[in-house]
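Number of protein chains: 2
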Amino acid sequence: MSDTQVLQVDPTLWKDIKFDDKGLIPAIAQEISTGLVLMLAYMNKESLETTIKTGYATYWSRSRQKLWKKGETSGHVQTVKGILVDCDQDALVLLIDQEGPACHTNEKSCFYRALAKAPDANENTGCASCAGGCCG
Amino acid sequence: MSDTQVLQVDPTLWKDIKFDDKGLIPAIAQEISTGLVLMLAYMNKESLETTIKTGYATYWSRSRQKLWKKGETSGHVQTVKGILVDCDQDALVLLIDQEGPACHTNEKSCFYRALAKAPDANENTGCASCAGGCCG
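So the protein sequences, as listed, match chains A and P. Under this note's numbering, read the first sequence as residues 8 to 143, first letter to last. Under this note's numbering, read the second sequence as residues 8 to 143, first letter to last.
Please keep in mind that the hints were generated in silico from the structure rather than gathered at the bench. Some clues are possibly wrong.
To be verified - Okay, derived cross-link-like pairs now, SDA-like style, lysine to any residue, Cα gap no bigger than 25 Å in a straight line:
#1 Lys73/A / Ser40/A
#2 Lys29/P / Ile24/A
#3 Lys115/P / Ser40/A
#4 Lys22/A / Gln96/P
#5 Lys52/A / Leu31/P
#6 Lys60/A / Pro126/P
Pulled out of the complex, with its shape left as it was, chain A reads as follows:
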C-alpha cells in the first residue's frame, strides 16, 4: 500500500484478511446515512487495494472477471468512509455514501424484495433494510 491512499488502513488487520479459494472476500455495502444494506459484492486483493487508494468502492466482477469501479458507467459511485472486518477476517462491510441508486434496476438497494416475512412483521418498526418498502 502506498502513502497516497485515501483511506487509512490498520496494518495489523490488513495482513490477516482472508481471501477464499478464488482469491475473493465478500463485501457488504451499507449506506451510512440510513443503515440500508445496498448490495453484496466481492473483492480480490487488487480491488480492495484500489478501494483504499481511491476511496471509491471497486469490486471484482465475477461475471466479467475484471475490476469493477461501482458507478463507473452509471455515475452511481460509492464513496467509502470506512471498511469493517469481521471476527474471522473473511467478510467486509463497506460504509458508503451512495450516489443515486445502488441497484442496476434503479432501486435504491439490490435487496428490494422480500423472499419471506413473519406474519407479525411490522413495516413501521425501524426496519433499516426496508426503506424501499419491501416489508410492507
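Let chain A serve as the given structure and place chain P on it in line with the hints.
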C-alpha cells in the same frame, strides 16, 4: 415447503434462489431495531428451509459441515422477521431480532473492527454498523 412454516414465502422468488457451486448462498444478518450488520454466514437449501419453518436463523457451518442453529449453545438466537433477496437472487439479508451478542467474541456485531477509515469519517453521523464504536 410445508404448511407449518413460521415465515410466509413468496413462491415466485423461492424457485429462483441461486445457490453457488457449493450449494450455498451468503446471508447477511441485520438487526431490525438498529440497522446494525451483525454477521455474514452461509445457507444451503436445507438451512434456508429450516429458517423459514422455524423462524430462527439456521446456517450451514462450512467449518463443521453441518446445520448450525445460531445460538443453539449460547442462547444467542436470531428471530427472523423477514428475508430479503437481491436483484440477481444470489444473496440474502435476514432481518433479525438478536438475543444477546451475535459474535462469539461477545461483541454485539462480528464487524466490530475498522480495517480502514476515511480521515474525515465522523463517528457521530448515524453510522449504523458502528454502534459498537468501531468508527471512533
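So, going through the hints one by one against the coordinates:
Taken as a hint, the lysine 73/A and serine 40/A pair is broken in the structure, with Cα atoms around 30 Å apart against an allowance of 25 Å. Under the criterion of a C-alpha separation no larger than 25 Å, the hint pairing lysine 29/P with isoleucine 24/A is consistent with the structure, at around 22 Å. Of the pairs offered as hints, the one joining lysine 115/P and serine 40/A holds, with about 20 Å between alpha carbons and a cut-off of 25 Å not exceeded. Between lysine 22/A and glutamine 96/P the alpha-carbon distance is near 32 Å, which puts this suggested pair outside the 25 Å criterion.
A threshold of 25 Å between alpha carbons decides the hint, and for lysine 52/A with leucine 31/P the separation of about 23 Å falls inside it, so the pair holds. Under the criterion of a C-alpha separation no larger than 25 Å, the hint pairing lysine 60/A with proline 126/P is consistent with the structure, at around 13 Å.
Going down the numbered hints, you'll see the structure goes against 1, 4, while the others check out.
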